Amino acid sequence: KAGVTQTPRYLIKTRGQQVTLSCSPISGHRSVSWYQQTPGQGLQFLFEYFSETQRNKGNFPGRFSGRQFSNSRSEMNVSTLELGDSALYLCASSLGDSLNYEQYFGPGTRLTVT
Amino acid sequence: AQSVTQPDIHITVSEGASLELRCNYSYGATPYLFWYVQSPGQGLQLLLKYFSGDTLVQGIKGFEAEFKRSQSSFNLRKPSVHWSDAAEYFCAVGASVKTSYDKVIFGPGTSLSVIP
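Each protein sequence line maps, in turn, to chains H and D.
Per my numbering, residue 1 is the first one in the first sequence, and the count goes up by one each step.
Per my numbering, residue 1001 is the first one in the second sequence, and the count goes up by one each step.
Quick caveat, the hints were computed from the structure, so don't treat them as lab data.
Be a bit skeptical, because a hint or two may be false.
As the list claims (entries may be wrong) - Calculated cross-link-like contacts (lysine to aspartate or glutamate; reagent style EDC-like; alpha-carbon spacing at most 20 Å):
(1) D:K1049 <-> H:E52
(2) D:K1049 <-> D:D1085
(3) D:K1061 <-> D:E1088
(4) D:K1068 <-> D:D1008
(5) D:K1061 <-> H:D97
(6) D:K1061 <-> D:E1015
(7) D:K1049 <-> H:E82
(8) D:K1049 <-> D:E1015
Bear in mind the structure is a predicted one, so any value in this text is a computation, not a measurement.
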C-alpha cells in the first residue's frame, strides 16, 4: 500500500505570493491533518479534515487555509506569504480521527520564502 | 489547553546503553499520549501510544513508555540502543474533548545521538 505523498517536495516563493501544497493520503484513509514544523516553534497543528469537513484547527492566521476533496486528497493554501512561513509542512492521514487512529506522515513539503 | 515539554534538547548515548527520554504534559483530563520518531530525511513514525489501561505501553523497535499520572509524565525507554535509533523523538498529547484549538500537540523534540 502506498504511503502518504506530498507534492511538491520543495518550493521557493517570494514574500507576498501565495502557495498551494497537496497531500494524497493512504488509500482508505478519510482523515488528513496538516502540521508546520520549524526549528523555533517545532511541530504545530494547522488543521484536520475528515470527509471533506474541517474538524479542528490550530492557532494560525486566516492566511492559512485548506480543503479536502471527495477522494480524501487535501490541499493547503497560504496566501500573502511571509518570511516566517518558511517551514517543513507535514501532512498525516489516518483511517479516522487523529486521536483514536494512528497517523501516517508524509515526507513533507519544504517551503522557503525569500 | 494541553502542553508538552521535553526537558532534554539533545542526548548522546553509547550503542548498547539504555535510554530514557523524558516527557511531561499538562492537561486536566486523561490525555492521549504518543511518542513519534523522525529520522533524517524521513517522515514521523508512531512508536507507541497510550489511551487508557495498562500504564506500561510497548511499542515498535523495542521501545516502551510508562504513563505516570502523579508525575504527569510519559517517559520513553529502551534497554539497549542501536546506532539506527539516532533520530529526533517527539512526545505528543491529545485532547479527549474536541475543542477548536486542542488537538494533537507535539513537544519540542529530543535529538538522540548514538556513539559506537
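Evaluation of the provided hints:
1. D:K1049 <-> H:E52: violated, 27 Å
2. D:K1049 <-> D:D1085: Given that 20 Å is the threshold and the Cα spacing comes to 18 Å, the pair holds.
3. D:K1061 <-> D:E1088: This hinted pair holds, its Cα atoms lying about 15 Å apart.
4. D:K1068 <-> D:D1008: holds, 18 Å
5. D:K1061 <-> H:D97: Roughly 25 Å separates the two Cα atoms, so the pair is violated.
6. D:K1061 <-> D:E1015: holds, 15 Å
7. D:K1049 <-> H:E82: violated, 35 Å
8. D:K1049 <-> D:E1015: Given that 20 Å is the threshold and the Cα spacing comes to 25 Å, the pair is violated.
Going through the hint list in order, the structure does not satisfy hints 1, 5, 7 and 8.
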